[in-house]
Amino acid sequence: MSESESASSPHRHSEWLGGRYLLAILFAALCLMPFVLPNRFWFDLFIQIFINATVAIGLNLLVGLAGQISLGHAGFFALGAYSAVLLPKYLGIPTLVAIPAGIVIVAVVALAIGGPLLRLKGHYLAMTTLAFGILVFIFLNNTSNITGGPDGIAVPSLTLGSLTMPTGQTLAGVKIWYVVQLVLIIVAYVAAVAIQYSAVGRSLRAVRDSEIATRFCGVDVDSLKVFVFVLSAIYAGTAGVFAAFYSGYVSPELSDFMYSTILITMIVLGGLGSAIGAVIGAAILTVLPHVLAAFRDYESAMLGLILVVCMIFFRRGLVPTLGDSLREWHARRNHRY
Amino acid sequence: MHDAIIDIKGLSKSFGGVLAIDALSLSIRRGRLTGIIGANGAGKTTLLNLICGVFKASSGSIHVDGQDISGLKPHELAQRGITRSFQNLQIFGDMTALENVLIAVQSRYLKNYLRLVLPLKSVRADEKKWHSDALQWLALVGLESVADREAKSLPYGLLKRLELARAIALEPKCILLDEPAAGCNSTEANKLMDVIRSIAGRGVTVVLVEHNMKVVMNLCEEVFVLDRGRLLCSGTPDTVGSDLRVVSAYLGSTNWDEAK
Numbered sequence: 170m171s172e173s174e175s176a177s178s179p180h181r182h183s184e185w186l187g188g189r190y191l192l193a194i195l196f197a198a199l200c201l202m203p204f205v206l207p208n209r210f211w212f213d214l215f216i217q218i219f220i221n222a223t224v225a226i227g228l229n230l231l232v233g234l235a236g237q238i239s240l241g242h243a244g245f246f247a248l249g250a251y252s253a254v255l256l257p258k259y260l261g262i263p264t265l266v267a268i269p270a271g272i273v274i275v276a277v278v279a280l281a282i283g284g285p286l287l288r289l290k291g292h293y294l295a296m297t298t299l300a301f302g303i304l305v306f307i308f309l310n311n312t313s314n315i316t317g318g319p320d321g322i323a324v325p326s327l328t329l330g331s332l333t334m335p336t337g338q339t340l341a342g343v344k345i346w347y348v349v350q351l352v353l354i355i356v357a358y359v360a361a362v363a364i365q366y367s368a369v370g371r372s373l374r375a376v377r378d379s380e381i382a383t384r385f386c387g388v389d390v391d392s393l394k395v396f397v398f399v400l401s402a403i404y405a406g407t408a409g410v411f412a413a414f415y416s417g418y419v420s421p422e423l424s425d426f427m428y429s430t431i432l433i434t435m436i437v438l439g440g441l442g443s444a445i446g447a448v449i450g451a452a453i454l455t456v457l458p459h460v461l462a463a464f465r466d467y468e469s470a471m472l473g474l475i476l477v478v479c480m481i482f483f484r485r486g487l488v489p490t491l492g493d494s495l496r497e498w499h500a501r502r503n504h505r506y
Numbered sequence: 003m004h005d006a007i008i009d010i011k012g013l014s015k016s017f018g019g020v021l022a023i024d025a026l027s028l029s030i031r032r033g034r035l036t037g038i039i040g041a042n043g044a045g046k047t048t049l050l051n052l053i054c055g056v057f058k059a060s061s062g063s064i065h066v067d068g069q070d071i072s073g074l075k076p077h078e079l080a081q082r083g084i085t086r087s088f089q090n091l092q093i094f095g096d097m098t099a100l101e102n103v104l105i106a107v108q109s110r111y112l113k114n115y116l117r118l119v120l121p122l123k124s125v126r127a128d129e130k131k132w133h134s135d136a137l138q139w140l141a142l143v144g145l146e147s148v149a150d151r152e153a154k155s156l157p158y159g160l161l162k163r164l165e166l167a168r169a170i171a172l173e174p175k176c177i178l179l180d181e182p183a184a185g186c187n188s189t190e191a192n193k194l195m196d197v198i199r200s201i202a203g204r205g206v207t208v209v210l211v212e213h214n215m216k217v218v219m220n221l222c223e224e225v226f227v228l229d230r231g232r233l234l235c236s237g238t239p240d241t242v243g244s245d246l247r248v249v250s251a252y253l254g255s256t257n258w259d260e261a262k
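The listed protein sequences correspond, in order, to chains A and B. Heads up, the working numbering is the position in the first sequence plus 169, with the first residue counted as 1. Heads up, the working numbering is the position in the second sequence plus 2, with the first residue counted as 1.
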């Protein structure tokens with residue numbers, strides 16, 4: 170890496186150089202995982218992590234990088250998921266085509282609401298994105314004749330000619346889906362990191378630090394914000410479409426406000442602005458409920474307690490805080506010798 | 003007046019019935035280091051915000067190079083060569099000094115997002131060019147040695163200069179500076195004045211909105227005095243200065259003698 174490149178972004182080191190080996194190990198481990206995972210439950214757990222992490226990586230571009238809040242991303246996730254059912258069912262398009270079509274629909278919705286919404290800032294943006302998520306939830310619940318209402322609706326299997334992709338309900342199916350979702354999250358991660366360290370990512374960080382100064386640097390902040398909003402919605406929508414075909418079933422719960430909140434918690438816990446942080450945050454918050462199930466009635470209380478303690482000791486999120494201490498330790502050691 | 007870079011005619015701006023700018027007409031000449039002074043509430047910053055497209059005028063017009071700029075957004079004005087600094091610092095704190103300047107340098111190439119994200123040779127070449135450009139702008143304000151420091155860790159005086167580097171990196175025709183010396187000690191203010199002079203020396207029209215009379219009187223070739231949204235008088239610092247004694251009641255400023 171040339172000197173000028175490292176000069177441009179101090180964070181590049183923590184995520185690229187120091188993290189490169191860790192990422193390679195993580196990647197190798199995830200590739201080998203299908204050979205060791207004992208049963209469907211474990212495959213499903215990993216797939217849930219991949220799905221959540223994909224949404225979180227996208228949301229992190231909007232919230233962590235550009236500093237714009239969204240409390241309604243579950244809405245985009247659900248729109249993507251329902252596309253998997255509704256498009257083949259009512260428009261008769263092939264299930265495989267429903268994947269790109271669903272993603273396009275989510276992108277168009279995000280583009281339509283992104284313009285007016287992103288004129289707002291802070292609490293007001295939080296409120297309106299929250300309202301969007303709730304609207305999707307109400308819509309999916311109340312249009313029973315189309316969406317199946319609160320009961321949800323079964324998703325048709327993915328088919329290509331005479332080939333049918335099984336859902337994740339069988340061990341054979343879950344193994345295939347593990348690979349599909351792993352590929353998806355790798356693409357999502359690589360794209361996010363490429364954006365983060367590009368001139369576009371740099372401008373997004375500038376928007377986070379001072380929107381008005383970014384404008385006077387000649388940057389069209391409005392379209393940049395809409396761009397990153399649509400992009401993060403595409404992440405959520407894509408994860409949603411694949412999640413629907415994987416589970417074979419969708420319900421309005423997918424657009425629940427709680428899910429939007431958990432997504433935000435994932436990226437804050439992992440460390441705002443860090444793509445790998447989003448993945449780690451998603452992994453922790455997907456696994457924890459299973460671990461804490463041992464506490465039965467106190468499960469939610471324990472989850473809350475852990476989050477509070479984490480945010481006290483890792484104020485900037487796990488990855489940035491740990492990254493800083495590692496660098497400090499490294500610098501001190503180098504200094505000594 | 004063909005040598006006017008900014009031509010303001012009958013400009014008014016009211017905030018809920020309060021006239022901040024009242025039928026103001028003035029023109030700022032190309033290449034002149036121009037000062038805009040006045041007491042608190044005289045409308046200096048409002049005028050600056052009107053010129054920069056932050057506020058929309060209630061009536062009247064602003065022409066830049068003969069072109070009506072009403073309705074243009076700040077980034078469009080910046081692309082057309084009008085930019086500004088801020089009274090309260092607006093620095094990208096989490097970024098290095100170099101990256102701060104890069105934001106301005108790269109802005110005109112920020113069109114095809116997809117291309118910029120792809121690992122292309124041409125993109126890497128662009129990045130390299132932008133980096134060396136940004137370093138040059140930093141050198142112009144004497145900040146090349148702190149290029150890789152995180153901006154929020156830099157002292158106030160340097161951040162003021164960093165803001166100037168970022169503004170000049172757009173290669174603008176005209177820079178409006180909102181109280182550049184505010185909060186600076188005299189050493190910092192002197193250094194800042196040197197930098198402003200060198201910017202003006204490059205043929206950029208610099209407009210200062212300033213409280214610090216010493217800065218205005220030392221730097222400016224032409225001074226406009228605002229009072230309650232109207233032009234009270236204008237001219238060279240000396241002519242305004244002699245007038246200034248008369249209007250010191252309006253200005254509420256007693257440090258004129260010190261400044262001399």
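Heads up, a few of these hints could be off.
To be verified - Beta-carbon label-pair distances, calculated as ranges: (1) Asp128/B to Ile355/A: 23 to 29 Å; (2) Gly473/A to Pro157/B: 37 to 43 Å; (3) Trp211/A to Pro157/B: 35 to 41 Å.
To be verified - With a cut-off of at most 30 Å between alpha-carbon atoms, the simulated DSSO-like pairs for lysine-lysine come out as follows: (4) Lys58/B to Lys290/A; (5) Lys75/B to Lys290/A; (6) Lys113/B to Lys290/A; (7) Lys175/B to Lys113/B; (8) Lys11/B to Lys290/A.
Because the hints were derived from the structure by calculation, they are not lab data. C-beta: ideal position from N, C-alpha, C; glycine also.
Now the hints, each set against the structure:
1. Asp128/B to Ile355/A: 23 to 29 Å: With Cβ atoms ~27 Å apart, the hint holds.
2. Gly473/A to Pro157/B: 37 to 43 Å: Hint holds: Cβ distance 42 Å, inside 37 to 43 Å.
3. Trp211/A to Pro157/B: 35 to 41 Å: 54 Å Cβ-Cβ, so the 35 to 41 Å window is violated.
4. Lys58/B to Lys290/A: holds, 20 Å
5. Lys75/B to Lys290/A: Holds: lysine 75/B and lysine 290/A sit about 18 Å apart, inside 30 Å.
6. Lys113/B to Lys290/A: OK: lysine 113/B and lysine 290/A at ~24 Å, within 30 Å.
7. Lys175/B to Lys113/B: holds, 22 Å
8. Lys11/B to Lys290/A: violated, 34 Å
When the structure is compared with the earlier hints, violations turn up for hints 3 and 8 and for no others.
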